[in-house]
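Asker: Here is how the chains run, residue by residue.
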Amino acid sequence: MISVNVQKQLGDFRLDVEFDAPRGVTAIFGRSGSGKTTLINAIAGLVTPDSGRISLSDRVLFDSSRSLPPRSRKLGLVFQDARLFPHLTVARNLTFGGRHDHDRIVDLLGLGPLLARKLADLSGGEKQRVALGRALMSNPDMLLLDEPLAALDAPRKAEILPYLEQLRDDFGMPVIYVSHAMSEVARLANYLVVLDAGKVVRAGPLAQVLSHPASVPLLGVRDAGAVITATVAGYDADDYLTRLTFDGGQISLPGHVGRVGQWVRVRIPAQDVILASQIPAQISARNILPVTITAIEDGRGPGVAIGLMAGQTPLLARITKASMRDMKLAVGAEIFAIIKATAVAPEDVGR
Amino acid sequence: MIWAPVILSLQVSALATICALPIAIWVAFILARKRFWGHGLLNGLVHLPLVLPPVVTGYLLLVVFGRQGAVGSLLYDLLGITLAFRWTGAALAAGIMGFPLMVRAIRLGFEAVDTGLEDAARTLGATNTGVFMRVTLPLIAPAIIAGAVLGFAKALGEFGATITFVAAIPGQTETIPSAIYAALQVPGQEGAVVWLVAVSIVLAMGALIASEWLARRMVTR
Chain F
311 MISVNVQKQL GDFRLDVEFD APRGVTAIFG RSGSGKTTLI NAIAGLVTPD
361 SGRISLSDRV LFDSSRSLPP RSRKLGLVFQ DARLFPHLTV ARNLTFGGRH
411 DHDRIVDLLG LGPLLARKLA DLSGGEKQRV ALGRALMSNP DMLLLDEPLA
461 ALDAPRKAEI LPYLEQLRDD FGMPVIYVSH AMSEVARLAN YLVVLDAGKV
511 VRAGPLAQVL SHPASVPLLG VRDAGAVITA TVAGYDADDY LTRLTFDGGQ
561 ISLPGHVGRV GQWVRVRIPA QDVILASQIP AQISARNILP VTITAIEDGR
611 GPGVAIGLMA GQTPLLARIT KASMRDMKLA VGAEIFAIIK ATAVAPEDVG
661 R
Chain H
10 MIWAPVILSL QVSALATICA LPIAIWVAFI LARKRFWGHG LLNGLVHLPL
60 VLPPVVTGYL LLVVFGRQGA VGSLLYDLLG ITLAFRWTGA ALAAGIMGFP
110 LMVRAIRLGF EAVDTGLEDA ARTLGATNTG VFMRVTLPLI APAIIAGAVL
160 GFAKALGEFG ATITFVAAIP GQTETIPSAI YAALQVPGQE GAVVWLVAVS
210 IVLAMGALIA SEWLARRMVT R
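Which chain is which? The protein sequence lines are F and H, in order.
For the first sequence, the working numbering gives the first residue as 311, with consecutive numbering after it.
For the second sequence, the working numbering gives the first residue as 10, with consecutive numbering after it.
A hint or two may mislead.
[Unchecked claim] Examples of chain F residues toward chain H, derived with CB under 8 Å:
1. ALA354
2. LEU356
3. ARG381
4. LEU385
5. LEU387
6. PHE389
7. PHE395
8. HIS397
9. ALA401
10. PHE406
11. GLY407
12. GLY408
13. ARG409
14. ARG444
15. SER448
Source of the hints: derived by calculation from the structure; they are not laboratory data.
Note that the structure is a prediction, hence the values are computed from the model and not measured.
Cβ coordinates follow ideal geometry from the N, Cα and C atoms, glycine included.
For reference, chain F alone in the conformation it holds in the complex:
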């Protein structure tokens, strides 16, 4: 879908990035200062690379002989700070770049009640929705979202994420999503590019990258963790638990996660997975899955990342080196992964 090869020197910082992303939502994940925003600006045409090539489908946006101006790239860019025009009304902001699919977009993003409001009276989340609508109405071939939720508090984030999921599923809009928040990335993306100090350190399908033990040091201990796709099997009203099934077994999550039969994505942080060589007799954790060890990645610190396979679904656990030694864990060993139901945060469950 989009093919990016960009080199750019900015003072001491050098951006040197190359990746090919398929259709769908591609997340560019990295800490602040890793070059994410420079990269997205280069794709949008606001920054001119020193060298490289950028193409979208079969359209060349940039190469050594030409650089399309931003207006001709047909990319809808949404900034972290919304950047609505303060001298225009909400309605005029929306149609600044065109009125493509106006009514449908107003419906999808719930913008109807905002049209008559003053810009100054909009909340951060509402501003971001208007910015999203404005980008969509310019009829782009692809959306570029540069940390669109970073400036919002948790409730506002939770308010916008479903809109983004809907955009992905109902509009089929190709998206590049820049973020340093793993829970957003895990919910939205199907392809992941990890950036560090201006370079791509890992790129591939989201589930693969996230469940690879070698990704743990790249993503950070807190952000590492596999994403599984499961179906809602039922809801136990008495226990307030939702049962999910996937090919590796069954897990329960707190609260009402979705309708029966619905697909959900669940991110299971590596540090919340406990390993046992036998099924524990009595344990408070609800979710015990039989797994096979596929890889062991020794870190520099006290921890070690263990790649697991539950059925056909990869999982990731992070335990101490000491535990690994005591349990005599090795690749191929058949053990049990224990996941505490309440360890999965609500923002880590999406569709």
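Could you slot chain H onto chain F? The hints should help.
Answerer: Then chain H, alone, in the frame of chain F:
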């Protein structure tokens, strides 16, 4: 009541402001946004009328735009236009004297514009001209109003350059300041002086209030 100098002053100041404003916007844009060889020189040239004695500016205008001047003779031969000792010449003098004030105010406006908004407009398909007309210009409207009011007020009060370039011919080039000065030279004209001074104050206050009102309307929209 003496109305001739008042009407003439308003005419001169209006023409000066209307003609100088687009040029001031353009020069302010260049000074604020472009980096080029001669940037400092252009900046100095724009500010010259502010620091030069007005009489010197008037004399230079006479040299350049007089009937025998380089530009003045050309204007007369090609278009039949004479500026020296005409009310249009007074407007030229007033416009040039007010120009630096306009440029300074408008340049501050350009420098305060969030270029991120212009980037956003660019990604939404706007051409460079489109960005300027639909985003930049509306955003700096308060600065343009401020510059226009400063320029207008300066034009109303301009004396030195005007009297040097176009003299003070009653009914033709005698603006309010010239008329006040002339009246002060003749005993028994105190009434005229008081009247013209009062008119000056009213005009200045009126311009100020109008600009405040306009700027406030822009902000609250």
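Asker: Any hints this thing doesn't respect? Which numbers, in order?
Answerer: Those not satisfied are hints 9, 13.
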